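Visitor: As they're listed, the protein sequences go chains A and B. According to the numbering used here, the stretch in the first sequence is residues 1 to 308, in order. According to the numbering used here, the stretch in the second sequence is residues 1 to 308, in order.
No false leads were mixed into what you were given.
Treat identical chains as interchangeable: a pair holds within one or across any two.
The calculated lysine-lysine pairs, modelled on DSS-like cross-linking and capped at a C-alpha distance of 30 Å, are:
1) K52 with K93
2) K303 with K108
3) K129 with K65
4) K294 with K108
In case anyone wonders, no lab produced these hints; they're calculated from the structure. Quick caveat: nothing in here was measured; it's all calculated off a predicted structure.
Protein chains: 2
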Amino acid sequence: MSERVIINDVGPRDGLQNQPKILSVVERLELIRALQAANVEHIEFGAFVSPKAVPAMAGSDDIIKMMQGERGELSALIPNRRGYDLAVEAGTKTVAMVAYGSEGMAQKNVRMSRAEADNATLQIIEQAKRDRVKVIATIATAFECPFDGPTDAGVVAETTAKFLEAGVSSVVIADTIGAANPGQVKSLMTRLVSDNGARQLACHFHDTRALGMANVFAGLETGIRRFDASISGLGGCPFAPGATGNIATEDTVMMLHQMGFETGIDLDKLIRASDLAEQLTGTAPGGRSKPWLKPFLERQNEKQNART
Amino acid sequence: MSERVIINDVGPRDGLQNQPKILSVVERLELIRALQAANVEHIEFGAFVSPKAVPAMAGSDDIIKMMQGERGELSALIPNRRGYDLAVEAGTKTVAMVAYGSEGMAQKNVRMSRAEADNATLQIIEQAKRDRVKVIATIATAFECPFDGPTDAGVVAETTAKFLEAGVSSVVIADTIGAANPGQVKSLMTRLVSDNGARQLACHFHDTRALGMANVFAGLETGIRRFDASISGLGGCPFAPGATGNIATEDTVMMLHQMGFETGIDLDKLIRASDLAEQLTGTAPGGRSKPWLKPFLERQNEKQNART
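Using the sequences plus the hints, can you model the full thing?
Guide: Right, here's the structure in full:
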């Protein structure tokens, strides 16, 4: 029996928000539908933020309204209580809040101290419990901050424990700028898993320094079984100097399947979702395994068609 | 005290042989000198093969003649006894022979059975002992073969032990087509290290499916402290469908340094060698970390210059 790994595709939010072209609600929904067609059941579908500040995420309420009652975990990023109210009003059942491993990034990103950002998340968690809404808490710059340097593992450990105790559904340990190395991932995640177990922990990596898949493997080694990834490697971070795209969902799923893990995802249809992302945005890089993966899957399909 | 990892740069041979442009002896020597300037002490400098069949490696005798008495391990690929004689006559102190983990690749590459290829290597080892020449034995398709599928780990384990017993200086476990995943690397290398210790073992990875650095990390986890890599990711495999470039030396060194390993290599000068590879070949992909690494190193240098 093979072990299950959850992939949370953040392409429709983290990805689309951090690339130049603004897609229409219809196009964003088309991308989400393509992911669902590939059996991706965990999707960050949008954000409830100011449409003036972040036009790429405008109309996220329309998106979730069209997906009411659908299976899977459809989450939306919310920056604050106002975003929470809008998200829940529109029918969102899972919200995602961002906290910080470093002061520098908290200040730069939300003009708050780390502690203030933590408290904002804790207040959302309290309200969400009353509303039976799930909360995913992401700890940004959990490994390194472009402003403060390497992050204190103790701070991340304390923050993680605090959020879990408060009742989040999962804590995502995020390498926001793609600066983590697999040795560091192994060390931090071993500590967090030892403190809290692996079930409610996840990792979020970028491929800036070519270490995305190495970091996923390091996370797997410590027992982590949930990862954020972005279809076609869409994404980046506008506030983080030097950050490039998220790890590509297709690369991650391919590695997991090769290693014998189960994701429930149809890799062939996932490649079609990746093609769609490239087509819609014009700049999606495409998973780095795609040049190899596409002819491989095509040959497989030809063989199957020849048989039937 | 940090641990030492040896990087054997195979760019001037494995890399240059498997890209379209044929460089002159002077250009190849320029690339080797750039690697030496970055303190890369293990370099596969050329091959003693038919200049008609492999024009890219013609004049390897001139290259080694110009490097007599220099420090470091300068190795040449040899396909057979004739190549061995030419290499040693020109002054080569380390030769590299290729054996096979699979029948399909042995047949395709050298029209021999696996056993015949093994015996050819064993005969070279015997002669090399008499001549006090070092032998590196590479086991190609040690993880998967494009013709035979997954490779039998038992075959790789037997072949490795046989070569070590015969007296090679190291055995390189090669993922010739970039099909290995880190789980498989960990499993095979754990077995080989348990049988033979890590000191004389090395790994050789390609980045075809985006898993190059993940596989290096998996190798490190089992105790492996020697890796082949290719400056600027030069390379591929003409006989292996779907194979793309070797892992880039600059990506590998960057990861190792970030993890606290010592390589002795000057990353700043290594980037200059990578730039030179791109300039000379016109097609070298450049390490995937380079877009990030170059501005990072430039900022560091500016700071140092400002201080002095």
